[in-house]
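Visitor: Here full-length UniProt numbering is used: the first residue of the sequence shown is 1, the next is one more, and so on.
Keep in mind the hints are simulated off the structure, nothing from the lab. One should not assume that every hint holds.
Said to hold, decoys possible - List time: in silico EDC-like cross-link candidates among lysine to aspartate or glutamate, alpha-carbon distance up to 20 Å:
hint, residue 1, residue 2
1, 497, 462
2, 142, 517
3, 497, 484
4, 488, 459
5, 497, 470
6, 523, 491
7, 497, 429
8, 488, 462
9, 497, 459
10, 142, 386
11, 497, 517
12, 488, 470
13, 142, 269
14, 488, 477
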Amino acid sequence: MATEVTTDPLLLSAAIFLGSAVIAVPIFNRLGLGSVLGYLAAGAVIGPFGLGLFSDVDGILHFAEFGVVLLLFIIGLELKPARLWRLRSDIFGLGTLQIVLTGAIIAGFCYLAGVSVPTSIVTGGALALSSTAFGVQILREKQDLNAPYGDRAFSILLAQDLAIVPLFTLVALLGPASTPEGNVWIEGSIAVGAVLALYVTIRYLMRPFFRVMAATGSNELFLSAALLVVICAALLMNAAGLSMALGAFIAGVLLAESEFRHQLETDIEPFRGLLLGLFFMGFGMTLDWSLIADFWWIVTGGALGLFVVKALVLYGLSRLFRSPHADALRIAATIGQGGEFAFVMVSLATSAGIMSGTVPSTLSAIVTLSMVLTPGAVALAERILDRGEDETACGMNGPDAAKQTRAIVAGFGRVGQIVARLLRMRGVEVTIIDNSPRRIRIAETFGTRVYFGDARRLDIMESAGAGRADILFLCIDDRNGGVETVEKLRERFPQLKIFADTYDRFSENLMRAAGADFVIREKFESALLLARRGLEELGDAEICDDLIEEFRRRDEERLQLETQHGSVKALEMLRQKYVLDEE
(Lines of atoms letter the chains of each structure in order from A and count residues from 1; the text may use other names and numbers.)
(Lines give C-alpha, C1' and ligand atoms only; values in the text may rest on other atoms or scores of the structure.)
Protein backbone atom coordinates (compact mmCIF):
# COMPACT_ATOMS: atom_id res chain seq x y z
CA MET A 1 0.00 0.00 0.00
CA ALA A 2 1.48 3.30 -1.09
CA THR A 3 2.02 5.95 1.52
CA GLU A 4 0.34 9.26 0.76
CA VAL A 5 2.85 12.09 0.75
CA THR A 6 1.69 15.50 1.94
CA THR A 7 3.55 18.74 1.40
CA ASP A 8 3.55 21.53 3.93
CA PRO A 9 2.03 24.52 2.08
CA LEU A 10 4.15 26.96 4.08
CA LEU A 11 7.38 25.22 3.11
CA LEU A 12 6.22 24.97 -0.49
CA SER A 13 5.46 28.70 -0.58
CA ALA A 14 8.85 29.49 0.93
CA ALA A 15 10.57 27.28 -1.66
CA ILE A 16 8.74 29.03 -4.52
CA PHE A 17 9.58 32.50 -3.20
CA LEU A 18 13.23 31.71 -2.57
CA GLY A 19 13.64 29.77 -5.81
CA SER A 20 12.16 32.51 -7.98
CA ALA A 21 14.27 35.16 -6.23
CA VAL A 22 17.46 33.10 -6.56
CA ILE A 23 16.85 32.79 -10.30
CA ALA A 24 15.60 36.30 -11.11
CA VAL A 25 17.77 38.55 -8.94
CA PRO A 26 21.21 37.38 -10.21
CA ILE A 27 19.97 37.67 -13.82
CA PHE A 28 18.80 41.25 -13.33
CA ASN A 29 21.97 42.14 -11.44
CA ARG A 30 24.05 40.74 -14.31
CA LEU A 31 22.03 42.89 -16.73
CA GLY A 32 22.78 45.93 -14.58
CA LEU A 33 19.10 46.48 -13.68
CA GLY A 34 19.47 45.93 -9.92
CA SER A 35 17.98 43.48 -7.44
CA VAL A 36 14.75 45.46 -6.90
CA LEU A 37 13.59 44.95 -10.48
CA GLY A 38 14.56 41.29 -10.18
CA TYR A 39 12.28 40.84 -7.18
CA LEU A 40 9.46 42.66 -9.01
CA ALA A 41 9.84 40.42 -12.06
CA ALA A 42 9.88 37.28 -9.91
CA GLY A 43 6.69 38.40 -8.17
CA ALA A 44 4.99 39.20 -11.47
CA VAL A 45 5.75 35.71 -12.80
CA ILE A 46 4.54 33.71 -9.78
CA GLY A 47 1.67 36.05 -8.83
CA PRO A 48 -2.07 35.70 -9.50
CA PHE A 49 -1.77 37.46 -12.88
CA GLY A 50 1.21 35.35 -13.93
CA LEU A 51 1.51 31.63 -13.20
CA GLY A 52 -1.11 31.98 -10.46
CA LEU A 53 0.95 30.22 -7.78
CA PHE A 54 -0.28 32.69 -5.15
CA SER A 55 -3.57 34.50 -4.67
CA ASP A 56 -3.41 36.21 -1.25
CA VAL A 57 -1.22 39.12 -2.34
CA ASP A 58 -2.60 41.45 0.34
CA GLY A 59 -1.62 38.99 3.07
CA ILE A 60 1.88 38.64 1.63
CA LEU A 61 2.33 42.42 1.43
CA HIS A 62 1.02 42.87 4.96
CA PHE A 63 3.52 40.36 6.33
CA ALA A 64 6.40 41.58 4.17
CA GLU A 65 5.82 45.20 5.25
CA PHE A 66 7.89 44.25 8.29
CA GLY A 67 10.87 44.28 5.92
CA VAL A 68 10.30 48.00 5.36
CA VAL A 69 9.98 48.43 9.13
CA LEU A 70 13.36 46.77 9.68
CA LEU A 71 14.87 48.82 6.85
CA LEU A 72 13.78 52.08 8.49
CA PHE A 73 15.09 50.86 11.86
CA ILE A 74 18.53 50.19 10.38
CA ILE A 75 18.49 53.56 8.63
CA GLY A 76 17.63 55.17 11.96
CA LEU A 77 20.63 53.44 13.55
CA GLU A 78 22.82 55.07 10.90
CA LEU A 79 21.38 58.53 11.57
CA LYS A 80 22.51 60.12 14.80
CA PRO A 81 20.22 62.91 16.10
CA ALA A 82 22.90 65.51 15.31
CA ARG A 83 22.93 64.46 11.66
CA LEU A 84 19.14 64.42 11.55
CA TRP A 85 19.11 67.96 12.89
CA ARG A 86 21.55 68.96 10.17
CA LEU A 87 19.08 67.67 7.57
CA ARG A 88 16.13 69.64 8.97
CA SER A 89 16.04 72.20 6.14
CA ASP A 90 15.90 69.43 3.54
CA ILE A 91 13.23 67.52 5.47
CA PHE A 92 10.87 70.39 6.25
CA GLY A 93 11.84 72.68 3.37
CA LEU A 94 12.71 70.70 0.27
CA GLY A 95 10.65 67.65 1.25
CA THR A 96 7.50 69.62 2.07
CA LEU A 97 7.76 71.69 -1.12
CA GLN A 98 8.12 68.53 -3.20
CA ILE A 99 4.95 67.00 -1.73
CA VAL A 100 2.88 70.17 -2.13
CA LEU A 101 4.09 71.04 -5.63
CA THR A 102 3.90 67.51 -7.06
CA GLY A 103 0.50 66.91 -5.47
CA ALA A 104 -0.85 70.22 -6.80
CA ILE A 105 0.31 69.53 -10.37
CA ILE A 106 -1.17 66.03 -10.45
CA ALA A 107 -4.41 67.12 -8.75
CA GLY A 108 -4.76 70.01 -11.21
CA PHE A 109 -4.26 67.72 -14.18
CA CYS A 110 -6.85 65.26 -12.85
CA TYR A 111 -9.37 68.06 -12.28
CA LEU A 112 -8.87 69.41 -15.81
CA ALA A 113 -9.45 65.85 -17.08
CA GLY A 114 -12.91 65.88 -15.49
CA VAL A 115 -12.17 64.08 -12.22
CA SER A 116 -14.03 65.25 -9.10
CA VAL A 117 -12.27 67.59 -6.66
CA PRO A 118 -11.98 65.06 -3.76
CA THR A 119 -10.67 62.32 -6.06
CA SER A 120 -8.21 64.75 -7.69
CA ILE A 121 -6.84 65.88 -4.32
CA VAL A 122 -6.44 62.33 -3.01
CA THR A 123 -4.81 61.21 -6.28
CA GLY A 124 -2.36 64.12 -6.14
CA GLY A 125 -1.45 63.40 -2.52
CA ALA A 126 -1.06 59.67 -3.12
CA LEU A 127 1.13 60.02 -6.21
CA ALA A 128 3.28 62.74 -4.62
CA LEU A 129 4.74 60.09 -2.30
CA SER A 130 7.78 58.09 -3.43
CA SER A 131 8.81 54.60 -2.40
CA THR A 132 11.05 54.64 0.66
CA ALA A 133 11.81 50.96 0.17
CA PHE A 134 12.84 51.39 -3.47
CA GLY A 135 14.77 54.61 -3.00
CA VAL A 136 16.73 53.54 0.05
CA GLN A 137 17.47 50.08 -1.34
CA ILE A 138 18.94 51.61 -4.50
CA LEU A 139 21.01 54.07 -2.45
CA ARG A 140 22.29 51.23 -0.26
CA GLU A 141 23.18 49.05 -3.26
CA LYS A 142 25.18 51.94 -4.72
CA GLN A 143 26.65 52.75 -1.27
CA ASP A 144 25.43 56.32 -1.70
CA LEU A 145 23.20 56.64 1.35
CA ASN A 146 25.76 58.92 3.02
CA ALA A 147 26.67 60.81 -0.15
CA PRO A 148 25.37 64.40 -0.42
CA TYR A 149 22.65 63.46 -2.89
CA GLY A 150 21.80 60.38 -0.80
CA ASP A 151 21.35 62.60 2.26
CA ARG A 152 19.02 64.88 0.33
CA ALA A 153 17.02 62.04 -1.25
CA PHE A 154 16.57 60.39 2.12
CA SER A 155 15.47 63.69 3.67
CA ILE A 156 12.71 63.97 1.06
CA LEU A 157 11.61 60.38 1.72
CA LEU A 158 11.54 61.07 5.45
CA ALA A 159 9.41 64.19 4.88
CA GLN A 160 6.99 62.03 2.90
CA ASP A 161 6.78 59.51 5.74
CA LEU A 162 6.01 62.34 8.15
CA ALA A 163 3.28 63.58 5.78
CA ILE A 164 1.44 60.26 5.83
CA VAL A 165 -0.68 61.12 8.88
CA PRO A 166 -1.91 64.50 7.53
CA LEU A 167 -2.66 62.87 4.16
CA PHE A 168 -4.60 60.01 5.76
CA THR A 169 -6.54 62.58 7.79
CA LEU A 170 -7.25 64.50 4.59
CA VAL A 171 -8.77 61.38 3.02
CA ALA A 172 -11.07 61.00 6.02
CA LEU A 173 -12.14 64.67 5.81
CA LEU A 174 -12.86 64.53 2.06
CA GLY A 175 -15.07 61.45 2.31
CA PRO A 176 -18.87 61.70 2.31
CA ALA A 177 -18.89 60.67 5.97
CA SER A 178 -15.94 62.77 7.08
CA THR A 179 -14.46 62.55 10.52
CA PRO A 180 -15.77 65.22 12.93
CA GLU A 181 -13.29 67.98 13.70
CA GLY A 182 -13.12 66.94 17.34
CA ASN A 183 -12.06 63.43 16.36
CA VAL A 184 -9.27 64.82 14.21
CA TRP A 185 -7.84 66.68 17.20
CA ILE A 186 -8.20 63.57 19.35
CA GLU A 187 -6.39 61.44 16.77
CA GLY A 188 -3.65 64.06 16.47
CA SER A 189 -3.21 64.14 20.25
CA ILE A 190 -2.98 60.35 20.36
CA ALA A 191 -0.30 60.40 17.66
CA VAL A 192 1.77 63.02 19.50
CA GLY A 193 1.39 61.11 22.77
CA ALA A 194 2.54 57.88 21.13
CA VAL A 195 5.68 59.55 19.75
CA LEU A 196 6.49 61.03 23.17
CA ALA A 197 5.93 57.67 24.87
CA LEU A 198 8.24 55.98 22.38
CA TYR A 199 10.88 58.67 22.89
CA VAL A 200 10.86 58.33 26.68
CA THR A 201 10.93 54.52 26.56
CA ILE A 202 13.80 54.25 24.08
CA ARG A 203 15.76 57.18 25.49
CA TYR A 204 15.80 56.11 29.12
CA LEU A 205 15.02 52.39 29.30
CA MET A 206 16.59 50.70 26.27
CA ARG A 207 20.29 51.06 27.14
CA PRO A 208 19.88 49.35 30.54
CA PHE A 209 17.65 46.76 28.87
CA PHE A 210 20.22 45.89 26.19
CA ARG A 211 23.03 45.87 28.76
CA VAL A 212 21.17 43.19 30.69
CA MET A 213 20.64 41.20 27.47
CA ALA A 214 24.31 41.57 26.49
CA ALA A 215 25.49 40.48 29.93
CA THR A 216 23.89 37.05 29.35
CA GLY A 217 26.39 36.40 26.55
CA SER A 218 23.64 34.92 24.36
CA ASN A 219 23.54 36.26 20.79
CA GLU A 220 20.13 34.65 20.27
CA LEU A 221 18.65 36.42 23.29
CA PHE A 222 20.13 39.75 22.18
CA LEU A 223 18.64 39.29 18.70
CA SER A 224 15.25 38.40 20.17
CA ALA A 225 15.36 41.53 22.31
CA ALA A 226 16.24 43.68 19.28
CA LEU A 227 13.36 42.30 17.21
CA LEU A 228 11.01 42.78 20.17
CA VAL A 229 11.95 46.46 20.44
CA VAL A 230 11.39 47.04 16.71
CA ILE A 231 8.04 45.23 16.71
CA CYS A 232 6.78 47.07 19.80
CA ALA A 233 7.80 50.46 18.37
CA ALA A 234 6.04 49.66 15.09
CA LEU A 235 2.88 48.41 16.82
CA LEU A 236 2.73 51.49 19.05
CA MET A 237 2.86 53.83 16.06
CA ASN A 238 0.35 51.71 14.15
CA ALA A 239 -2.08 51.82 17.08
CA ALA A 240 -1.77 55.62 17.09
CA GLY A 241 -2.57 55.81 13.38
CA LEU A 242 1.01 56.46 12.32
CA SER A 243 3.30 54.55 9.97
CA MET A 244 4.88 51.45 11.50
CA ALA A 245 8.04 52.26 9.58
CA LEU A 246 8.13 55.71 11.19
CA GLY A 247 8.02 54.12 14.66
CA ALA A 248 10.93 51.84 13.80
CA PHE A 249 12.85 54.78 12.38
CA ILE A 250 12.40 56.84 15.56
CA ALA A 251 13.56 53.87 17.66
CA GLY A 252 16.63 53.48 15.45
CA VAL A 253 17.56 57.18 15.67
CA LEU A 254 17.29 57.13 19.46
CA LEU A 255 19.55 54.06 19.63
CA ALA A 256 22.05 55.44 17.09
CA GLU A 257 24.34 56.82 19.80
CA SER A 258 24.27 53.70 21.95
CA GLU A 259 27.16 51.27 22.14
CA PHE A 260 24.89 48.51 20.77
CA ARG A 261 24.24 50.25 17.47
CA HIS A 262 26.34 48.03 15.21
CA GLN A 263 25.45 44.78 16.94
CA LEU A 264 21.76 45.64 16.43
CA GLU A 265 22.35 46.53 12.80
CA THR A 266 24.27 43.39 11.90
CA ASP A 267 21.87 41.08 13.77
CA ILE A 268 18.77 42.49 12.06
CA GLU A 269 20.24 42.92 8.56
CA PRO A 270 19.52 39.32 7.33
CA PHE A 271 15.85 39.56 8.35
CA ARG A 272 15.57 42.94 6.65
CA GLY A 273 16.99 41.61 3.40
CA LEU A 274 14.68 38.60 3.22
CA LEU A 275 11.49 40.46 4.14
CA LEU A 276 12.27 43.43 1.91
CA GLY A 277 12.78 41.07 -1.02
CA LEU A 278 9.41 39.49 -0.23
CA PHE A 279 7.91 43.00 -0.07
CA PHE A 280 9.12 43.83 -3.58
CA MET A 281 7.92 40.48 -4.89
CA GLY A 282 4.51 41.23 -3.40
CA PHE A 283 4.31 44.45 -5.40
CA GLY A 284 5.29 42.53 -8.51
CA MET A 285 2.32 40.24 -7.88
CA THR A 286 -0.08 43.20 -7.97
CA LEU A 287 0.64 43.82 -11.67
CA ASP A 288 -2.71 43.00 -13.31
CA TRP A 289 -1.70 42.15 -16.85
CA SER A 290 -5.30 42.05 -18.08
CA LEU A 291 -5.95 45.56 -16.74
CA ILE A 292 -2.71 46.81 -18.26
CA ALA A 293 -3.70 45.21 -21.58
CA ASP A 294 -7.19 46.77 -21.52
CA PHE A 295 -6.01 50.23 -20.46
CA TRP A 296 -2.40 50.07 -21.56
CA TRP A 297 -2.33 53.64 -22.86
CA ILE A 298 -3.63 54.99 -19.55
CA VAL A 299 -1.38 52.84 -17.34
CA THR A 300 1.76 53.29 -19.43
CA GLY A 301 1.16 56.98 -20.06
CA GLY A 302 0.24 57.53 -16.42
CA ALA A 303 3.39 55.81 -15.14
CA LEU A 304 5.64 57.70 -17.55
CA GLY A 305 3.84 60.96 -16.85
CA LEU A 306 4.08 60.46 -13.10
CA PHE A 307 7.80 59.74 -13.28
CA VAL A 308 8.51 62.68 -15.58
CA VAL A 309 6.47 65.19 -13.55
CA LYS A 310 7.92 64.10 -10.23
CA ALA A 311 11.46 63.93 -11.62
CA LEU A 312 11.18 67.47 -13.01
CA VAL A 313 9.87 68.77 -9.68
CA LEU A 314 12.63 66.99 -7.76
CA TYR A 315 15.31 68.21 -10.13
CA GLY A 316 14.08 71.81 -10.07
CA LEU A 317 13.70 71.98 -6.29
CA SER A 318 17.07 70.30 -5.73
CA ARG A 319 18.73 72.88 -7.94
CA LEU A 320 16.81 75.61 -6.09
CA PHE A 321 18.29 74.25 -2.85
CA ARG A 322 21.76 74.48 -4.47
CA SER A 323 22.39 70.85 -5.36
CA PRO A 324 24.84 70.36 -8.25
CA HIS A 325 23.38 69.20 -11.55
CA ALA A 326 24.62 65.62 -11.07
CA ASP A 327 23.18 65.37 -7.56
CA ALA A 328 19.82 66.79 -8.67
CA LEU A 329 19.63 64.35 -11.60
CA ARG A 330 20.41 61.38 -9.36
CA ILE A 331 17.78 62.46 -6.81
CA ALA A 332 15.16 62.78 -9.56
CA ALA A 333 15.94 59.33 -10.97
CA THR A 334 16.13 57.59 -7.59
CA ILE A 335 12.83 58.74 -6.05
CA GLY A 336 10.74 59.74 -9.06
CA GLN A 337 8.44 56.70 -8.73
CA GLY A 338 5.17 56.28 -6.85
CA GLY A 339 5.29 54.86 -3.35
CA GLU A 340 3.86 51.97 -1.36
CA PHE A 341 1.73 54.30 0.76
CA ALA A 342 -0.17 55.28 -2.39
CA PHE A 343 -1.78 51.82 -2.22
CA VAL A 344 -2.88 52.51 1.34
CA MET A 345 -4.30 55.93 0.42
CA VAL A 346 -6.17 54.48 -2.56
CA SER A 347 -7.60 51.77 -0.31
CA LEU A 348 -8.70 54.35 2.28
CA ALA A 349 -10.22 56.54 -0.44
CA THR A 350 -12.17 53.58 -1.79
CA SER A 351 -13.49 52.75 1.68
CA ALA A 352 -14.43 56.41 2.21
CA GLY A 353 -16.42 56.49 -1.04
CA ILE A 354 -14.05 58.91 -2.80
CA MET A 355 -12.95 56.41 -5.48
CA SER A 356 -14.83 53.61 -7.18
CA GLY A 357 -14.89 51.44 -10.31
CA THR A 358 -11.59 50.79 -12.06
CA VAL A 359 -9.94 53.95 -10.70
CA PRO A 360 -8.28 52.30 -7.64
CA SER A 361 -6.85 49.36 -9.61
CA THR A 362 -5.69 51.65 -12.43
CA LEU A 363 -3.86 53.94 -9.99
CA SER A 364 -2.27 50.91 -8.32
CA ALA A 365 -1.05 49.67 -11.71
CA ILE A 366 0.38 53.12 -12.52
CA VAL A 367 2.28 53.24 -9.21
CA THR A 368 3.63 49.70 -9.62
CA LEU A 369 4.74 50.35 -13.20
CA SER A 370 6.48 53.56 -12.10
CA MET A 371 8.43 51.46 -9.60
CA VAL A 372 9.45 49.14 -12.42
CA LEU A 373 10.81 52.15 -14.30
CA THR A 374 13.08 53.21 -11.41
CA PRO A 375 16.17 51.00 -12.02
CA GLY A 376 16.13 51.96 -15.69
CA ALA A 377 15.86 55.65 -14.83
CA VAL A 378 18.80 55.38 -12.43
CA ALA A 379 20.90 53.60 -15.07
CA LEU A 380 19.94 56.25 -17.65
CA ALA A 381 20.93 59.06 -15.28
CA GLU A 382 24.34 57.47 -14.69
CA ARG A 383 24.84 57.04 -18.43
CA ILE A 384 24.05 60.71 -19.01
CA LEU A 385 26.48 61.75 -16.29
CA ASP A 386 29.17 59.42 -17.64
CA ARG A 387 29.16 61.38 -20.88
CA GLY A 388 31.02 64.26 -19.36
CA GLU A 389 29.02 65.77 -16.52
CA ASP A 390 31.02 67.18 -13.64
CA GLU A 391 31.31 64.51 -10.97
CA THR A 392 33.35 66.44 -8.46
CA ALA A 393 30.38 67.30 -6.26
CA CYS A 394 29.08 63.76 -6.08
CA GLY A 395 31.73 62.04 -3.99
CA MET A 396 31.75 61.12 -0.34
CA ASN A 397 32.55 64.57 0.96
CA GLY A 398 30.01 64.94 3.72
CA PRO A 399 30.89 65.14 7.38
CA ASP A 400 30.53 61.41 7.83
CA ALA A 401 33.06 60.73 5.08
CA ALA A 402 35.65 62.86 6.84
CA LYS A 403 35.37 60.75 9.95
CA GLN A 404 37.21 57.78 8.51
CA THR A 405 38.45 55.38 11.11
CA ARG A 406 42.25 55.03 10.99
CA ALA A 407 42.74 52.42 13.71
CA ILE A 408 40.50 49.75 15.22
CA VAL A 409 41.24 48.13 18.58
CA ALA A 410 39.38 44.83 18.84
CA GLY A 411 39.22 43.86 22.50
CA PHE A 412 39.37 46.44 25.26
CA GLY A 413 41.09 44.40 27.94
CA ARG A 414 44.41 45.36 29.55
CA VAL A 415 46.38 45.28 26.30
CA GLY A 416 43.70 46.94 24.21
CA GLN A 417 43.27 49.76 26.72
CA ILE A 418 46.98 50.62 26.68
CA VAL A 419 47.13 50.50 22.87
CA ALA A 420 44.09 52.76 22.56
CA ARG A 421 45.42 55.27 25.07
CA LEU A 422 48.75 55.55 23.27
CA LEU A 423 47.04 56.03 19.91
CA ARG A 424 44.78 58.74 21.32
CA MET A 425 47.78 60.50 22.85
CA ARG A 426 49.20 60.68 19.32
CA GLY A 427 45.91 62.04 17.99
CA VAL A 428 44.97 58.93 16.00
CA GLU A 429 41.22 58.36 15.64
CA VAL A 430 40.43 55.04 17.31
CA THR A 431 37.41 52.75 17.18
CA ILE A 432 36.92 50.24 20.00
CA ILE A 433 35.10 46.92 19.58
CA ASP A 434 34.29 44.74 22.58
CA ASN A 435 31.50 42.40 23.66
CA SER A 436 31.66 43.27 27.36
CA PRO A 437 29.12 45.93 28.46
CA ARG A 438 31.37 46.81 31.41
CA ARG A 439 34.43 47.45 29.24
CA ILE A 440 32.31 49.36 26.72
CA ARG A 441 31.20 51.72 29.49
CA ILE A 442 34.86 52.23 30.47
CA ALA A 443 35.77 53.08 26.87
CA GLU A 444 32.89 55.56 26.64
CA THR A 445 34.28 57.54 29.57
CA PHE A 446 37.36 58.36 27.45
CA GLY A 447 35.20 59.76 24.64
CA THR A 448 36.31 57.03 22.22
CA ARG A 449 34.05 55.74 19.46
CA VAL A 450 32.88 52.37 20.76
CA TYR A 451 30.89 49.51 19.25
CA PHE A 452 29.40 46.60 21.15
CA GLY A 453 29.90 43.34 19.31
CA ASP A 454 32.01 40.25 18.71
CA ALA A 455 35.19 41.21 16.84
CA ARG A 456 35.39 37.72 15.36
CA ARG A 457 32.31 38.47 13.25
CA LEU A 458 33.13 39.97 9.85
CA ASP A 459 29.83 41.86 9.65
CA ILE A 460 30.66 43.64 12.92
CA MET A 461 34.12 44.53 11.63
CA GLU A 462 32.63 45.76 8.36
CA SER A 463 30.17 47.99 10.20
CA ALA A 464 32.93 49.40 12.39
CA GLY A 465 34.89 50.53 9.34
CA ALA A 466 37.46 47.77 8.79
CA GLY A 467 37.09 48.21 5.04
CA ARG A 468 38.38 51.79 5.31
CA ALA A 469 40.74 51.56 8.30
CA ASP A 470 44.52 51.52 8.06
CA ILE A 471 45.34 49.20 10.94
CA LEU A 472 43.67 46.73 13.29
CA PHE A 473 45.00 45.82 16.73
CA LEU A 474 43.62 42.38 17.55
CA CYS A 475 43.68 42.13 21.34
CA ILE A 476 41.03 39.48 21.97
CA ASP A 477 41.58 36.70 24.48
CA ASP A 478 40.72 33.76 22.24
CA ARG A 479 43.16 30.86 22.40
CA ASN A 480 41.25 28.82 19.84
CA GLY A 481 39.67 31.29 17.44
CA GLY A 482 42.36 33.95 17.09
CA VAL A 483 44.08 32.35 14.10
CA GLU A 484 40.78 31.76 12.31
CA THR A 485 39.86 35.40 12.95
CA VAL A 486 43.10 36.58 11.34
CA GLU A 487 42.51 34.35 8.31
CA LYS A 488 38.98 35.71 7.77
CA LEU A 489 40.07 39.31 8.28
CA ARG A 490 42.96 38.96 5.86
CA GLU A 491 40.69 37.50 3.19
CA ARG A 492 37.93 40.12 3.60
CA PHE A 493 40.12 43.20 4.20
CA PRO A 494 43.37 42.74 2.24
CA GLN A 495 44.37 46.40 2.70
CA LEU A 496 44.16 46.23 6.50
CA LYS A 497 47.36 45.96 8.56
CA ILE A 498 46.74 43.39 11.31
CA PHE A 499 48.75 43.67 14.54
CA ALA A 500 47.86 40.84 16.91
CA ASP A 501 48.49 40.07 20.54
CA THR A 502 48.89 36.43 21.50
CA TYR A 503 50.08 34.26 24.38
CA ASP A 504 52.69 31.73 23.16
CA ARG A 505 55.15 30.85 20.41
CA PHE A 506 52.86 28.28 18.76
CA SER A 507 49.95 30.69 18.25
CA GLU A 508 52.37 33.38 17.08
CA ASN A 509 53.56 31.07 14.30
CA LEU A 510 50.00 30.27 13.28
CA MET A 511 48.93 33.91 13.27
CA ARG A 512 51.86 34.91 11.10
CA ALA A 513 51.05 32.12 8.67
CA ALA A 514 47.40 33.25 8.65
CA GLY A 515 48.40 36.71 7.45
CA ALA A 516 49.03 38.88 10.50
CA ASP A 517 51.52 41.66 9.76
CA PHE A 518 52.91 41.79 13.29
CA VAL A 519 52.41 39.46 16.26
CA ILE A 520 53.59 39.92 19.81
CA ARG A 521 53.61 37.54 22.79
CA GLU A 522 52.60 39.18 26.05
CA LYS A 523 54.81 36.97 28.25
CA PHE A 524 57.78 37.31 25.91
CA GLU A 525 57.90 41.11 26.08
CA SER A 526 57.29 41.26 29.82
CA ALA A 527 60.05 38.66 30.37
CA LEU A 528 62.51 40.72 28.30
CA LEU A 529 61.73 43.87 30.28
CA LEU A 530 62.03 42.00 33.57
CA ALA A 531 65.40 40.50 32.57
CA ARG A 532 66.66 43.87 31.33
CA ARG A 533 65.90 45.61 34.62
CA GLY A 534 67.55 42.74 36.48
CA LEU A 535 70.72 42.98 34.39
CA GLU A 536 70.85 46.73 34.98
CA GLU A 537 70.60 46.10 38.71
CA LEU A 538 73.45 43.59 38.48
CA GLY A 539 75.66 46.19 36.85
CA ASP A 540 75.45 45.06 33.24
CA ALA A 541 73.52 48.08 31.97
CA GLU A 542 76.05 48.85 29.23
CA ILE A 543 75.47 45.53 27.44
CA CYS A 544 71.70 45.32 27.98
CA ASP A 545 70.68 46.77 24.62
CA ASP A 546 72.99 44.52 22.61
CA LEU A 547 72.01 41.47 24.63
CA ILE A 548 68.28 42.07 24.26
CA GLU A 549 68.66 42.73 20.54
CA GLU A 550 70.66 39.51 20.07
CA PHE A 551 68.02 37.54 21.98
CA ARG A 552 65.26 39.01 19.81
CA ARG A 553 67.19 38.10 16.65
CA ARG A 554 67.67 34.50 17.75
CA ASP A 555 64.03 34.20 18.78
CA GLU A 556 62.91 35.52 15.40
CA GLU A 557 65.19 33.03 13.67
CA ARG A 558 63.73 30.24 15.77
CA LEU A 559 60.18 31.29 14.85
CA GLN A 560 60.99 31.22 11.15
CA LEU A 561 62.60 27.79 11.39
CA GLU A 562 59.64 26.42 13.36
CA THR A 563 57.27 27.75 10.71
CA GLN A 564 59.22 26.00 7.96
CA HIS A 565 60.36 22.77 9.65
CA GLY A 566 58.41 22.32 12.88
CA SER A 567 59.53 22.90 16.46
CA VAL A 568 61.59 19.70 16.93
CA LYS A 569 63.60 20.11 13.74
CA ALA A 570 64.05 23.83 14.43
CA LEU A 571 65.56 23.15 17.88
CA GLU A 572 67.95 20.62 16.40
CA MET A 573 69.08 23.08 13.75
CA LEU A 574 69.60 25.81 16.35
CA ARG A 575 71.67 23.50 18.58
CA GLN A 576 74.06 23.04 15.72
CA LYS A 577 74.41 26.81 15.35
CA TYR A 578 74.24 28.17 18.92
CA VAL A 579 74.42 27.10 22.47
CA LEU A 580 70.67 26.83 23.07
CA ASP A 581 69.24 29.78 24.99
CA GLU A 582 66.53 28.81 27.42
CA GLU A 583 63.40 30.94 27.15
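Visitor: Does each hint fit the structure? Answer for all of them.
Guide: Hints, verified against the model:
no. : hint        : in the structure
1   : 497 <-> 462 : 15 Å, holds
2   : 142 <-> 517 : 32 Å, violated
3   : 497 <-> 484 : 16 Å, holds
4   : 488 <-> 459 : 11 Å, holds
5   : 497 <-> 470 : 6 Å, holds
6   : 523 <-> 491 : 29 Å, violated
7   : 497 <-> 429 : 16 Å, holds
8   : 488 <-> 462 : 12 Å, holds
9   : 497 <-> 459 : 18 Å, holds
10  : 142 <-> 386 : 15 Å, holds
11  : 497 <-> 517 : 6 Å, holds
12  : 488 <-> 470 : 17 Å, holds
13  : 142 <-> 269 : 17 Å, holds
14  : 488 <-> 477 : 17 Å, holds
Taken one by one, the earlier hints fail for this structure at numbers 2 and 6, listed in ascending order.
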